[in-house]
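S.K.: Keeping the supplied structure of chain A fixed, place chains B and C upon it in accordance with the hints.
Below are the chains, spelled out letter by letter.
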Amino acid sequence: MIKISPSEKQFLIDGIKQNMRTDGRSRLDYRAFTVETGLVAQTNGSARVKLANNTDVLVGVKVEIGDPDPDFPDQGRLEVRVECSPSASPEFEGRGAEEMNAILSAMLRNMLQNARTVDWASLCISPGKQCWIVYVDCLVLDSAGNLFDALSIATKSALFNTKVPKIEVMETSSGQTEIEVSDDPSDFTRLSTASIPISVTLAKVGSRYIVDPTIEEELCMESRVTIAINSKGNICSIQKGGVSSGINPSEFNKMLQHARKIGLVLLKELDALLDKEENNDTSTKIGFAR
Amino acid sequence: MSKIEFISPEGLRVDGRRPQEVRKINYRLNLFSRADGSAYYEQGNTRVLAAVYGPRQVTRRGASKHDRAIINCEYSMATFSTGERRKSAKRDRRSTEISVVIRQTFESVILTHLYPRTQIDIFMQVLQADGGTRCACINAASLALIDAGIPMRDFVVSCAAGMIDGVALTDLNYIEDSAGGPDLPLAILPKQNKICLLQMDSKLTIEQYEEVMQMAVEGCKQIHAVLDAKLKDVTDQLVNKRKTLL
Amino acid sequence: MSESDVVTPGTRIGSVDTHISGRGTYTRDGRICASVVGRVVTKDVPNQDKKIIEVESKQETTVPQIGSIVLATVVKTTTQFAKVDITCVEGKALETTFMGMIRQQDVRATEIDKVVIYESFRPGDVVRAVVISLGDSKSYYLSTARNELGVVFGTSMAGQTLVPVSWKEMECPKTHLRELRKVAKTI
Numbered sequence: 001m002i003k004i005s006p007s008e009k010q011f012l013i014d015g016i017k018q019n020m021r022t023d024g025r026s027r028l029d030y031r032a033f034t035v036e037t038g039l040v041a042q043t044n045g046s047a048r049v050k051l052a053n054n055t056d057v058l059v060g061v062k063v064e065i066g067d068p069d070p071d072f073p074d075q076g077r078l079e080v081r082v083e084c085s086p087s088a089s090p091e092f093e094g095r096g097a098e099e100m101n102a103i104l105s106a107m108l109r110n111m112l113q114n115a116r117t118v119d120w121a122s123l124c125i126s127p128g129k130q131c132w133i134v135y136v137d138c139l140v141l142d143s144a145g146n147l148f149d150a151l152s153i154a155t156k157s158a159l160f161n162t163k164v165p166k167i168e169v170m171e172t173s174s175g176q177t178e179i180e181v182s183d184d185p186s187d188f189t190r191l192s193t194a195s196i197p198i199s200v201t202l203a204k205v206g207s208r209y210i211v212d213p214t215i216e217e218e219l220c221m222e223s224r225v226t227i228a229i230n231s232k233g234n235i236c237s238i239q240k241g242g243v244s245s246g247i248n249p250s251e252f253n254k255m256l257q258h259a260r261k262i263g264l265v266l267l268k269e270l271d272a273l274l275d276k277e278e279n280n281d282t283s284t285k286i287g288f289a290r
Numbered sequence: 291m292s293k294i295e296f297i298s299p300e301g302l303r304v305d306g307r308r309p310q311e312v313r314k315i316n317y318r319l320n321l322f323s324r325a326d327g328s329a330y331y332e333q334g335n336t337r338v339l340a341a342v343y344g345p346r347q348v349t350r351r352g353a354s355k356h357d358r359a360i361i362n363c364e365y366s367m368a369t370f371s372t373g374e375r376r377k378s379a380k381r382d383r384r385s386t387e388i389s390v391v392i393r394q395t396f397e398s399v400i401l402t403h404l405y406p407r408t409q410i411d412i413f414m415q416v417l418q419a420d421g422g423t424r425c426a427c428i429n430a431a432s433l434a435l436i437d438a439g440i441p442m443r444d445f446v447v448s449c450a451a452g453m454i455d456g457v458a459l460t461d462l463n464y465i466e467d468s469a470g471g472p473d474l475p476l477a478i479l480p481k482q483n484k485i486c487l488l489q490m491d492s493k494l495t496i497e498q499y500e501e502v503m504q505m506a507v508e509g510c511k512q513i514h515a516v517l518d519a520k521l522k523d524v525t526d527q528l529v530n531k532r533k534t535l536l
Numbered sequence: 537m538s539e540s541d542v543v544t545p546g547t548r549i550g551s552v553d554t555h556i557s558g559r560g561t562y563t564r565d566g567r568i569c570a571s572v573v574g575r576v577v578t579k580d581v582p583n584q585d586k587k588i589i590e591v592e593s594k595q596e597t598t599v600p601q602i603g604s605i606v607l608a609t610v611v612k613t614t615t616q617f618a619k620v621d622i623t624c625v626e627g628k629a630l631e632t633t634f635m636g637m638i639r640q641q642d643v644r645a646t647e648i649d650k651v652v653i654y655e656s657f658r659p660g661d662v663v664r665a666v667v668i669s670l671g672d673s674k675s676y677y678l679s680t681a682r683n684e685l686g687v688v689f690g691t692s693m694a695g696q697t698l699v700p701v702s703w704k705e706m707e708c709p710k711t712h713l714r715e716l717r718k719v720a721k722t723i
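Chains as they are written, first to last, in this note's numbering: chain A, 1 to 290; chain B, 291 to 536; chain C, 537 to 723.
Hints are not guaranteed to be accurate.
Derived DSSO-like pairs: lysine-lysine, alpha-carbon spacing no greater than 27 Å straight-line [unchecked claim]:
1) C/Lys594 / B/Lys522
2) C/Lys594 / B/Lys481
3) B/Lys511 / B/Lys314
4) C/Lys628 / A/Lys3
5) C/Lys612 / C/Lys704
6) A/Lys3 / C/Lys619
7) A/Lys9 / A/Lys254
8) C/Lys628 / C/Lys674
9) B/Lys377 / A/Lys163
10) A/Lys163 / A/Lys129
11) B/Lys355 / C/Lys628
12) C/Lys587 / B/Lys522
13) B/Lys377 / A/Lys166
14) B/Lys522 / B/Lys511
15) C/Lys650 / C/Lys674
16) B/Lys314 / B/Lys520
17) A/Lys9 / A/Lys240
18) A/Lys9 / C/Lys619
19) C/Lys587 / B/Lys481
Which bits of chain A does chain B cover? Going by a derived footprint, with three or more residues having C-beta under 8 Å, they are [what the hints assert, rightly or not]:
20) 64-76
21) 85-92
22) 138-148
Simulated from the structure, these hints should not be mistaken for lab results.
Just so we're clear, the structure is a prediction, and the values are computed from it rather than from any experiment.
Each residue gets a CB set at the ideal place from its N, CA and C atoms; glycine is no exception.
Excised from the complex, chain A in its bound form (with noise of 0.2 Å):
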């Protein structure tokens, strides 16, 4: 449990309260990113997300064919599931993550449920019967400070680089309708990721908000507000969580649009990446390793 005395947390509100944060940054600036796709060799995807060096995410998608959700007949199906691993905190061994992993996997899965996010009619394969089953898994290695966005950015990135094979759909003489999953490990379709948001999380410390906090402001903070942003600057999921206060309307309007704008710079600086990565071979990717 990382505890925090009381003149620290006072030294962090009055340095937010002059726009300067322990990390040497201004309150609405994000920390520098790195993203690494396509790092696991048993997954259809799969991308690593370091924040500053200090929180570490690994997300694989997995698709599978099955059954389709009974609501939703025509479209595929998504799994979303979130584990925090020991290794980011001791206190998340054995079921002292489950709180944790219930929070994430929820907003996660919040964000990427809808229509409009993920082409979902796309992955039916025969309509009530078949389907892609996406499984997204996350795994959450080292925590220095906003997990949500880091996940968002991670998830995004590993659906991106995620590979679906190409199946062929054939009606067998008995009626029965047989899939031929294709072995070419070139012949794959992938999945349309422009429309996924990315989540921003701002965290009001004393009476001014922050962008990106670190896990020291995340002790100091009064409440959070975790906005997912597409690239078109529409809003997605609002989301608000915290312990103390409320917030005020107009306040919550005005961090509103500062999100915005950040998602929008954060989208191009991700979209930059995941294309450079697309184009680097498997060759030159360190991992781990690095």
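M.R.: Relative to chain A, chains B and C alone:
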């Protein structure tokens, strides 16, 4: 049914190795900011992470020992680590068994009497599984403990060996492991020449057992040489950069 | 084994006949072996003809030892003892805190049966103490029975930082009310 040729007529295995050859090893220390010690270890296509916390306050009050530290191990596999997606990976029997086995291995090696009433946590996460995960985790945990500066009697190294079609093989990968032959994971203390973990399944005659054991020991020694050399290299560089290790 | 050689755990670095085993080493069958990865260093020991051999390594996590001076925050007080959270050991901040306990008889050196814990410590105070024993399974036993041990930082009922007045009183600078504490003499 197609029969996989585990040993080709030239004596090469499925991935081109010789029977006594261990897979390519790579590792890195000190990856995580919160853990006291951490290591990333890969042996062929098996990739594992280990994180060590401690010595710290015992979390389960009743469990603390008055004269030594208790070791707490957790082994878990990521859901995307195997070919078929696994369900929730923490509480299943295999993970619990492996956690216990690894804990017993390290209890005999760490100098626990130096830290009474404390707890040392070792957390292992398998990112990619291609046979020999138990052994890779022991090696990763050894490196993470070294990174945390926790004193040990010796450097634990682990390797598995088996026998397919009458030929003893070192360091089986997933395909060879699933062939149904015996699997013998072994962990030794290389400098003292002592065994701290030995398991075996399936069946072997006594002579075959001796042969497979010898292969496993040789495999461990090979791994130890690789880990040792790079460790000395890394520490040498650190020393030169900072002139002192403190 | 020459000095400034990097060794790994288990490497033999000397023998009991010629050296004394120091930090980062252990003895087995009359031989001294390294227990951590690091550099071998030998030091002279006064009044002994054997040298002490140690392995210099990356700093391991500090754990409170008997006799170490610690800084702790008071968490809970009862009539018998004060429960504290040990945050610093010998000037080094800890990553994870340890539980400690200051019993009624260990608060001061004189009149130990007349001690009232509430007049010595309050929850939230930062206390300097010495570890006297590894205690029971839950907490270390600490003592403040020396002049330089006791409360170093306290907050008054009005929320201001208290200013020490004597070894048993502290004053709030705003309301000028005096509160009772076992104060540390910080000179």
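S.K.: So, for every hint listed, does it hold in this structure?
M.R.: Status of the hints after comparison with the structure:
no., hint, verdict
1, C/Lys594 / B/Lys522, "14 Å, holds"
2, C/Lys594 / B/Lys481, "22 Å, holds"
3, B/Lys511 / B/Lys314, "14 Å, holds"
4, C/Lys628 / A/Lys3, "15 Å, holds"
5, C/Lys612 / C/Lys704, "20 Å, holds"
6, A/Lys3 / C/Lys619, "17 Å, holds"
7, A/Lys9 / A/Lys254, "25 Å, holds"
8, C/Lys628 / C/Lys674, "22 Å, holds"
9, B/Lys377 / A/Lys163, "22 Å, holds"
10, A/Lys163 / A/Lys129, "22 Å, holds"
11, B/Lys355 / C/Lys628, "25 Å, holds"
12, C/Lys587 / B/Lys522, "25 Å, holds"
13, B/Lys377 / A/Lys166, "25 Å, holds"
14, B/Lys522 / B/Lys511, "16 Å, holds"
15, C/Lys650 / C/Lys674, "26 Å, holds"
16, B/Lys314 / B/Lys520, "13 Å, holds"
17, A/Lys9 / A/Lys240, "22 Å, holds"
18, A/Lys9 / C/Lys619, "23 Å, holds"
19, C/Lys587 / B/Lys481, "25 Å, holds"
20, 64-76, "violated (count 1)"
21, 85-92, "holds (count 6)"
22, 138-148, "holds (count 5)"
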